[in-house]
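Protein chains: 2
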Amino acid sequence: MEKPALVKFYEQYINCLNIRNWDDLHLFVHGRLLYNKQPIQLSDYRAMLEQNYRDIPDLRFQIALLTTGDNLIGCRLDFDCTPVGKFLGIAVNGKPVVFSEHVFYQLQEGKIAEVWSLIDKDAIRDQINS
Amino acid sequence: MEKPALVKFYEQYINCLNIRNWDDLHLFVHGRLLYNKQPIQLSDYRAMLEQNYRDIPDLRFQIALLTTGDNLIGCRLDFDCTPVGKFLGIAVNGKPVVFSEHVFYQLQEGKIAEVWSLIDKDAIRDQINS
Numbered sequence: 002m003e004k005p006a007l008v009k010f011y012e013q014y015i016n017c018l019n020i021r022n023w024d025d026l027h028l029f030v031h032g033r034l035l036y037n038k039q040p041i042q043l044s045d046y047r048a049m050l051e052q053n054y055r056d057i058p059d060l061r062f063q064i065a066l067l068t069t070g071d072n073l074i075g076c077r078l079d080f081d082c083t084p085v086g087k088f089l090g091i092a093v094n095g096k097p098v099v100f101s102e103h104v105f106y107q108l109q110e111g112k113i114a115e116v117w118s119l120i121d122k123d124a125i126r127d128q129i130n131s
Numbered sequence: 002m003e004k005p006a007l008v009k010f011y012e013q014y015i016n017c018l019n020i021r022n023w024d025d026l027h028l029f030v031h032g033r034l035l036y037n038k039q040p041i042q043l044s045d046y047r048a049m050l051e052q053n054y055r056d057i058p059d060l061r062f063q064i065a066l067l068t069t070g071d072n073l074i075g076c077r078l079d080f081d082c083t084p085v086g087k088f089l090g091i092a093v094n095g096k097p098v099v100f101s102e103h104v105f106y107q108l109q110e111g112k113i114a115e116v117w118s119l120i121d122k123d124a125i126r127d128q129i130n131s
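Heads up: the protein sequence lines correspond to chains H and L, in order. Residue numbering for the first sequence follows the working numbering, beginning at 2 and increasing consecutively. Residue numbering for the second sequence follows the working numbering, beginning at 2 and increasing consecutively.
Think of the hints as simulated: they come from the structure by calculation, not from any bench. Treat the hints with caution; some may be incorrect.
Just so you know, same-sequence chains aren't split out, so a pair can sit in one copy or run between any two.
To be verified - Below, computed lysine to aspartate or glutamate pairings styled on DMTMM-like, alpha-carbon distance capped at 20 Å:
#, residue 1, residue 2
1, K9, E110
2, K38, D127
3, K122, E102
4, K112, D24
5, K38, D81
6, K87, D24
7, K38, D79
8, K122, D25
9, K122, D56
Every value quoted in this text rests on a predicted model; they were computed, and no experiment measured them.
Given only the sequences and the hints, what does the whole structure look like? Please build it.
Now the structure itself:
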């Protein structure tokens, strides 16, 4: 995919997450993929996202920085939300937190085949402990 | 800068770090910049890098994934190294560790003006505690 198509693809993918349109997730994500080097299936990926929304009812993905390469997407995602209980093992318990994720996606045949995600968990810990 | 120029710029910047050519750092980095939203000066940036090399004598920056945008660079950097004492507040004490950094750079007038860096500190902690 060329750069404009990658940008459009990614904006549509993020919109799919934000409107929780899980039935369309397969349009963006392969049936089998690598997530932080672990092989998972689309159903695992969907389950992880659904769990994220249970942990964070006001979750919203905001694209802060967007870059592309050869069938590759890089993004800084900003979050400003309120996890109700534990999130990523951190007891947030309803405190509003602001944090970012830096994530790269490798596409194959027009769909996400590999994801490398880093979430700024230390930022969340710092806000909980402040 | 167009994509090929951004890629070449970044490869030269990483080479500058790997050969520890601090006197050329100003060719790639503005005199004043934002680092994870904090205003710093080139001398602070250089001091941070020099400290990294003191903490990790065998430090080497390896580009794993490279993406570009509008005067924007996104990179996953892989590290396979041996911090001798504390690194990022973690007592590594000479244990070999493998980890990644996901980092974005905004360029202005052909030099780095803002950096957003996330380092996978949990991966380091997990390897130290295993």
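Quick rundown of the hints versus the structure:
1. With identical chains, the CA atoms of K9 and E110 are at most 20 Å apart within one copy only, with a shortest distance of 16 Å there and 28 Å across copies.
2. In this assembly of identical chains, the alpha carbons of K38 and D127 lie at most 20 Å apart only when taken from different copies (16 Å versus 28 Å within one copy).
3. Taking the shortest Cα distances, K122 and E102 sit within 20 Å of each other both inside one copy (9 Å) and across copies (14 Å).
4. With identical chains, the CA atoms of K112 and D24 are at most 20 Å apart within one copy only, with a shortest distance of 15 Å there and 44 Å across copies.
5. In this assembly of identical chains, K38 and D81 lie within 20 Å of each other by CA distance solely across copies; the values are 16 Å between and 27 Å within a copy.
6. In this homomeric assembly, K87 and D24 never come within 20 Å of each other (Cα to Cα): the closest approach is 26 Å inside a single copy and 47 Å across copies.
7. Taking identical chains as interchangeable, the C-alpha atoms of K38 and D79 lie at most 20 Å apart only when they sit on different chains, with a minimum of 13 Å there against 23 Å within one chain.
8. In this assembly of identical chains, the alpha carbons of K122 and D25 never lie at most 20 Å apart, being 29 Å within a copy and 34 Å across copies at closest.
9. Taking the closest pair of Cα atoms, K122 and D56 come within 20 Å of each other only inside a single copy of the chain (15 Å); across copies the shortest separation is 23 Å, beyond that limit.
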